[in-house]
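S.K.: One-letter residues, chain by chain:
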Amino acid sequence: MNNPSDLSLFFGRLHPALVHLPIGLILLLAAAEWLARFPRFKQANANAGLILAFAVPLSMVTVLCGWLLSQAGGYQDQLLAWHKWTGIGTAAVCALAALLYSLDLKRSYRACLYASVLAMAVASHYGGSLTHGSDYLVRYAPQPLRGWFAGQPKPAAPAPNPADFTQRPVFAALIQPVLQDKCVSCHGEEKAKGGLRLDSLAAVQKGGENGPVVVPGKLSEGGLLKRIQLPPEDEDHMPPSGKNQLSADELALLEWWVAAGAPGDKKLAELKLPPVVERLAQARSGAAPVVAKVTPPKPLAEVLPVADKLAEELNIAITALSPKDPWLQCNAGINGTNFGNAELAKLAALGPNLRWLDLGGTGVTDDGLAPLVHLVNLTRLHLERTTITDAALACLAPLSQLEYLNLYGTQITDAGIERLQNPKLRQLYLWQTKVTSAAGKAFMEAHTDRPQLERWKSEIDQLQARIREAQISVEFGLTLTNAPATNATPVNAECPVSGKPINVAKTLIHDGKLVAFCCDDCKAKFQNDPKPFLTKLALNSTTSEAKKNP
Amino acid sequence: MLPQHEFLRNQTRRAFFKNTGLAAGRIALGTLLFPELLRATTAGKGERAHPAMPGLPHFAPKARRLIYLFMNGAPSQMDLWDYKPKLAEMFDADMPESIRNGQRLTTMTSGQKRFPIAPSIYQFAPHGQCGTLVSELLPHTAQVVDDLAVIRSVYTEAINHDPASTYILTGNQVPGKPSIGAWLSYGLGSEAENLPAFVVMTPRWSAKRDAQALYQRLWGAGFLPSKHQGVALRSSGDPVLFLNNPPGVDAVARRTMLDGLAKLNHETYERSGDPEIQTRIAQYEMAFRMQTSIPELTNISQEPQSVLDLYGPEVTQPGTFAASALLARRLIERGVRVVQLLHREWDHHTDLPRDLPLQCRDVDQACKGLILDLKQRGLLDETLVVWGGEFGRTVYCQGELRRDNYGRDHHPRCYTMWMAGAGIRGGTVFGETDDFSYNIVRDPVHIRDLNATILHLMGIDHSRLTYTFQGLDQRLTGVDAAANVVRGILA
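Quick mapping for you: the protein sequence lines, in order, are chains A and B. The numbers in the numbering used here rise by one with no breaks, and the one at position 161 of the first sequence is 143. The numbers in the numbering used here rise by one with no breaks, and the one at position 366 of the second sequence is 1493.
Some hints here could point you the wrong way.
To be verified - Far from chain A, some chain B residues (derived; all Cβ distances over 12 Å):
{"id": "1", "residue": "L1135"}
{"id": "2", "residue": "R1336"}
{"id": "3", "residue": "A1359"}
{"id": "4", "residue": "Y1396"}
Claimed, not checked - Here are some chain B residues pointing at chain A (derived, C-beta under 8 Å):
{"id": "5", "residue": "G1182"}
{"id": "6", "residue": "P1184"}
{"id": "7", "residue": "H1185"}
{"id": "8", "residue": "A1187"}
{"id": "9", "residue": "E1318"}
{"id": "10", "residue": "A1319"}
{"id": "11", "residue": "E1320"}
{"id": "12", "residue": "G1462"}
{"id": "13", "residue": "Q1503"}
{"id": "14", "residue": "G1505"}
{"id": "15", "residue": "D1508"}
Stated by the list, open to error - Derived DSS-like pairs (lysine-lysine); straight-line CA-CA distance at most 27 Å:
{"id": "16", "chain 1": "A", "residue 1": "K254", "chain 2": "A", "residue 2": "K439"}
{"id": "17", "chain 1": "B", "residue 1": "K1189", "chain 2": "A", "residue 2": "K280"}
{"id": "18", "chain 1": "A", "residue 1": "K208", "chain 2": "A", "residue 2": "K248"}
{"id": "19", "chain 1": "A", "residue 1": "K291", "chain 2": "B", "residue 2": "K1390"}
{"id": "20", "chain 1": "A", "residue 1": "K406", "chain 2": "B", "residue 2": "K1502"}
{"id": "21", "chain 1": "A", "residue 1": "K423", "chain 2": "B", "residue 2": "K1502"}
The hints are simulated quantities; they were obtained by calculation from the structure and are not laboratory data. By construction, the Cβ of each residue, glycine as well, lies at the ideal position given by its N, Cα and C atoms.
Based on the provided sequences and hints, a complete structural model is requested.
M.R.: Here's what the structure looks like:
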């Protein structure tokens, strides 16, 4: 593979844009000839000469650009050869047609023209395959059609089966789909830019012209991650700008995979997956999320009467969180141990509307917490100072919205908090429990998405760098404070002599203050004898001061 | 004439038709416009002491409760929070006239021939991850500075204690407006059935005895129904007087007596319709329930030693700031909406280096203890804590200036307060004053803005919590000026 110069690449890349012009013109010529066979349209081909005069040079230039582009390499040889020769053929036959036209050999001209359309159709097909992949057009065609075109049905994706999913090899299950989506259109079988293919594990391990793209266990080496993480405006950023970019989750997945040693055949079940990867795996497996079906909350007007009645009956406080949303907050802690399991069961009637629930210091026990599974929209839950143990935490599993959980002063242990899997949990209070600080720290670490935080931090750094770059600082140096600045504002808004509006160019300094006048005459009068005008000036300047500081 | 007779004489036929006709019209219009009002009354709130106003909170609140630590007398900002290193070289220099700029002074210093600069003699150091500068007088508070949003640019217009305290706590310098606690009780109601919605404590202090007086209007209900006024717990002896039944009266007899009294009061209410009678009935009931709830509240024997240690050694002496801070936590745990501690004698016109350290020692460790205790219980997340006084103090010395002794006069143009807890971005320093801590140079926060922010965190739009009185839609932030929520300290 030879290295083409920048200039030749520049012209080469015009090929995909230029190519559509001769295509259109040649099709137009053919259509005109065909129409001219009907008496009604016999004038249709009257301007064929003019069109030919455009089409022939354009097709030549296009072929030339295409040839330059092919020098850059990275295309499957066979496809490229077909495209090249059919393309050259099209241009050549088109030129021949023009010759025949000028010799007034209309029949041969027509035959030649139709032949060039035919050659062009073939060339276009291969060109499309080179750019978009061979099955681009028919990938989403209805099944029979696809079979007829491609000769064979597209291998169906393995039926999503959540149980099997964890048994699949990690590369095929998680990594390959991402590469297939975002990379393989340029780094695949038909087109392998930079000599790199990413369509199989072996190819990924092999790397490209610029060396290995993945170094197992080393995030900072290997071109794959490096290029993805470059700022989008960087020339070497991948995927190139304008192409479909990787999502933050997908990047996190690749990072995890590389850091884990880029395993290929290990099964998902054998690997420890961080939350973000777990989430992606869940999505890929097609399994329904584990959260219970969330029942939508009822309108506030409907539940408030029920809530008021319950509050009175149970001697607790239940109020709306705001009039705009259907959410309720409930403080049962104010009734202390008089509020127990039976009372909690009655609260289930408010089900999906309860947002905040304070059971701190109440008499609820492990056996009575089952009604919590109905409170699917809870975000804050106080269970502190109750007698609950680890067994109670099983009831919290369906609370997918839970952000705040207070367990201080309970019998919870290390084993208990390990079971907590509420995805949105942000605050957990464990003072005076049996949870060791080591277990607490481990829990915190396991539920903190470090790579994501790091990425955001680096994003902030980049943004700050851009802010710095976007600013300009202009240095004036020191100004002498006792010399009146030339651009100072006058103290008055009206001329002290005439009372007319001031002209800021006609000023003088009186008693250390900049005084402005309407004209040179007034200024001269003031200079001669300022006294008669001073009262007016004082009035004048106070009013303008007052305007400044209301 | 007896009031009863006058009342009966006014019940004429015309008055009857006028009143009933208007009332019927009002009900009809009201139910047409706001059908939920009728539902609320017919659904029956029973005897619930403090329901929230309909439509409140306006939006989901960050804070469920407020603990307001009011340092009455005005703590010196440049000796505690507002570090001014450049003053060190200006000892006894005259304050530049350009800084004062015609500012109104109190009569205590307006006659002074000169205004010599008194630099703080206290060392400042950065604390916490945020590195906020805190004076050596507050070594404990400095340890929790990562949880505080320190606002160095609070200002007010009042220059004397009475109007200034009334201004910041009721929104107006003129007495007669409801206090912030009363507004919150009125707007949000109380969750506690056995305790008032708004409890006030006035802990004792250590510096000189002659401190500024406190007035009940600082926690009063103003024109709001009087059940919303703060209930002040006494700082020595029984926290609430006459809670114990008198000798020879047992609980049953007490109940019978209260029931009979309530019946009579109800009959009076039926006749006159005065809402204050309902307040009276509710207060008798509240007092009865407080006969059990207050002894339980003040019994701190169950508090573990580790918790007591947080608040400092004085926590076991009733009436100290530390003991009151612990009670504040216990009160909000029991559903009380607002707890206000008013600590007196921060008014150091003279001998500041003698008195300020004593005052700081009273509150410093207890402030830290309160923050940490709330935090470990997961309550800081739902509780807003506010610390500060009614105005600041001057950079120039009042009276004789010595290297080791000075005093400071009142200064309304800038001072420092801090907020912590629910919805507050900890570790923030907001606002900036000039090199003399005299004028604000960045992000001024009027006390109205501060009150609007407190209401905002409690889920209230300050412009929509109103009460019609004297022909105006009265509100905590006043009716004549704009107030803005201080977004820069919000999480």
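S.K.: Next, verify each hint and record whether it holds.
M.R.: Verification of the supplied hints:
Chain A leaves B:L1135 outside its interface by the beta-carbon criterion, the shortest separation being 37 Å against a cut-off of 12 Å. Listed as a non-interface residue, B:R1336 keeps its Cβ farther than 12 Å from every Cβ of chain A; the least gap is roughly 39 Å. Every beta carbon of chain A lies more than 12 Å from that of B:A1359, the smallest distance being close to 22 Å; the non-interface claim holds. Listed as a non-interface residue, B:Y1396 keeps its Cβ farther than 12 Å from every Cβ of chain A; the least gap is roughly 21 Å.
The beta carbon of B:G1182 comes within 5 Å of a beta carbon in chain A, closer than 8 Å, and the hint placing it at the interface holds. For B:P1184, the shortest C-beta to C-beta distance to chain A is roughly 6 Å, which falls under 8 Å, so the interface hint holds. The beta carbon of B:H1185 comes within 6 Å of a beta carbon in chain A, closer than 8 Å, and the hint placing it at the interface holds. Look at B:A1187: its Cβ gets to within about 5 Å of chain A, closer than 8 Å, so that hint holds up.
For B:E1318, the suggested interface contact is upheld, since its CB lies about 4 Å from the closest CB of chain A, less than 8 Å. A hinted interface residue such as B:A1319 counts as satisfied when its beta carbon comes closer than 8 Å to some beta carbon of chain A; here the least separation is about 6 Å, so the hint holds. Annotation: B:E1320 was flagged as interfacial toward chain A, and the flag holds, the nearest CB pair being 6 Å apart, inside 8 Å. Against a cut-off of 8 Å between C-beta atoms, the interface hint on B:G1462 holds, since the closest Cβ of chain A lies about 4 Å away.
Using the Cβ-Cβ criterion of 8 Å, the hint placing B:Q1503 at the interface with chain A is satisfied: the shortest such distance is roughly 4 Å. Restraint check, B:G1505 versus chain A: the minimum CB separation of about 4 Å is within 8 Å; hint holds. Given hint, B:D1508 at the interface with chain A, holds; its Cβ is 6 Å from that chain's nearest Cβ, closer than 8 Å. Restraint check: the Cα-Cα separation between A:K254 and A:K439 comes to about 25 Å, which is no more than 27 Å; the hinted pair holds.
This hinted pair checks out: B:K1189 and A:K280 have alpha carbons roughly 23 Å apart, not beyond 27 Å. Straight-line distance between C-alpha atoms of A:K208 and A:K248 comes to about 25 Å, which keeps the hinted pair within the 27 Å bound. A hinted pair counts as satisfied when its Cα atoms are at most 27 Å apart, and A:K291 with B:K1390 qualifies at roughly 25 Å. The suggested pairing of A:K406 with B:K1502 holds, with an alpha-carbon distance near 20 Å, which does not exceed 27 Å.
About 17 Å separates the Cα atoms of A:K423 and B:K1502, which keeps this hinted pair within 27 Å; it holds.
Against the hints set out earlier in the document, no violation occurs for any number.
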